[in-house]
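S.K.: All chains, full assembly: derive it from the sequences and hints.
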Amino acid sequence: MYNEPPQIESLNVWTTPLFVTQNPDHEFLKQDILEHVYATQAQQSQAVASEVAVTAKHQLFESDLGYLEAENPAVMELRRMLEELISAVATEVNQEYWPEGAQGDAHIIESWYHVTQNGGYHDVHSHPNCSWCGIYYLDPGECELGSRNGVNRFYDPRVNADHYADPGTAYLGQHGFWDFEPVEGQIVLFPSYLKHSALPYFGAKDRVIIAFNSVIDLV
Numbered sequence: 007m008y009n010e011p012p013q014i015e016s017l018n019v020w021t022t023p024l025f026v027t028q029n030p031d032h033e034f035l036k037q038d039i040l041e042h043v044y045a046t047q048a049q050q051s052q053a054v055a056s057e058v059a060v061t062a063k064h065q066l067f068e069s070d071l072g073y074l075e076a077e078n079p080a081v082m083e084l085r086r087m088l089e090e091l092i093s094a095v096a097t098e099v100n101q102e103y104w105p106e107g108a109q110g111d112a113h114i115i116e117s118w119y120h121v122t123q124n125g126g127y128h129d130v131h132s133h134p135n136c137s138w139c140g141i142y143y144l145d146p147g148e149c150e151l152g153s154r155n156g157v158n159r160f161y162d163p164r165v166n167a168d169h170y171a172d173p174g175t176a177y178l179g180q181h182g183f184w185d186f187e188p189v190e191g192q193i194v195l196f197p198s199y200l201k202h203s204a205l206p207y208f209g210a211k212d213r214v215i216i217a218f219n220s221v222i223d224l225v
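Residues in the sequence shown are numbered from 7 upward in steps of one, following our numbering.
Each hint should be verified, as a subset may be incorrect.
Unchecked claim - Simulated restraints on C-beta separations:
1) 130 - 15: 33 to 39 Å
2) 52 - 208: 47 to 53 Å
3) 61 - 14: 18 to 24 Å
4) 130 - 175: 29 to 35 Å
5) 57 - 14: 48 to 54 Å
6) 60 - 184: 25 to 31 Å
7) 15 - 77: 29 to 35 Å
8) 183 - 61: 21 to 27 Å
9) 11 - 135: 45 to 51 Å
10) 174 - 106: 37 to 43 Å
11) 22 - 151: 19 to 25 Å
12) 20 - 152: 28 to 34 Å
Read the hints as simulated data drawn from the structure, not as lab findings. Quick reminder that beta carbons are idealized off the backbone N, C-alpha and C, glycines included.
M.R.: In structure tokens:
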């Protein structure tokens, strides 16, 4: 029999970091970007201009994958801010693995808008060929968490985490997903491997978001 309890070390492995913040310039940029989104949408010859996973998207308009490359002052400022934000996040989670003094330098390589209309959704997917992804809620329309109207759902990457439940597994969450209510001006950043979806949206107003994929260099 031991007299003192054993020392037990806790190891948090395979965690999945997500980051949420508010665009500090949202009110300043919103109207100009919305006008640019709708002007671009009006020129689309097909609903999903990117031609990516067309059958996974319903009742929405998607731009090509270079939206944030537009030479529009508000769009250019948004891109600058987002790349700074991603750089800070990548540095925070990776700095102990990088050479001393190194900083992350993010480059958005793909970006697009979604203008989702009544009944629209985007089925489960992830984003390959990049490291960090994000969603900017430009105008969430009538999204609402309680009814799960138009929310973004992120799925537990631990594929068997919910195959059994008892009191000893309560820490796992037991539901296998995490829902984000779209909030105007909010930005959500997440690793590219994390599967997610946009649940069906119902409302008279459009649900407008800008999504983006990025890669990281060291400087």
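S.K.: Evaluate each hint against the coordinates.
M.R.: Here's how the hints hold up against the structure:
The hint said 33 to 39 Å for the Cβ distance between residue 130 and residue 15, and at roughly 36 Å that hint holds. For residue 52 and residue 208, the Cβ-Cβ distance of about 24 Å falls outside the hinted range of 47 to 53 Å, so the restraint is violated. For residue 61 and residue 14, the hinted distance range of 18 to 24 Å is not satisfied, since their beta carbons lie about 49 Å from each other. Between residue 130 and residue 175 the CB atoms are about 23 Å apart, so this pair departs from the stated range of 29 to 35 Å.
Under the hint 48 to 54 Å, the C-beta atoms of residue 57 and residue 14, about 53 Å apart, fit the expected range. Between residue 60 and residue 184 the CB atoms are about 27 Å apart, so this pair conforms to the stated range of 25 to 31 Å. At roughly 54 Å, the beta carbons of residue 15 and residue 77 sit outside the given window of 29 to 35 Å. For residue 183 paired with residue 61, a C-beta distance near 22 Å keeps the hint of 21 to 27 Å intact.
Taking 45 to 51 Å as the suggested C-beta distance range, the pair residue 11 and residue 135 conforms, at roughly 49 Å. In this structure, residue 174 and residue 106 meet the distance hint of 37 to 43 Å, their C-beta atoms being roughly 41 Å apart. Between residue 22 and residue 151 the beta carbons are some 20 Å apart, a value that agrees with the proposed interval 19 to 25 Å. Between residue 20 and residue 152 the C-beta distance comes to about 31 Å, which sits within the given range of 28 to 34 Å.
Hints 2, 3, 4, 7 from the list above are not met by this structure, while the remaining hints are.
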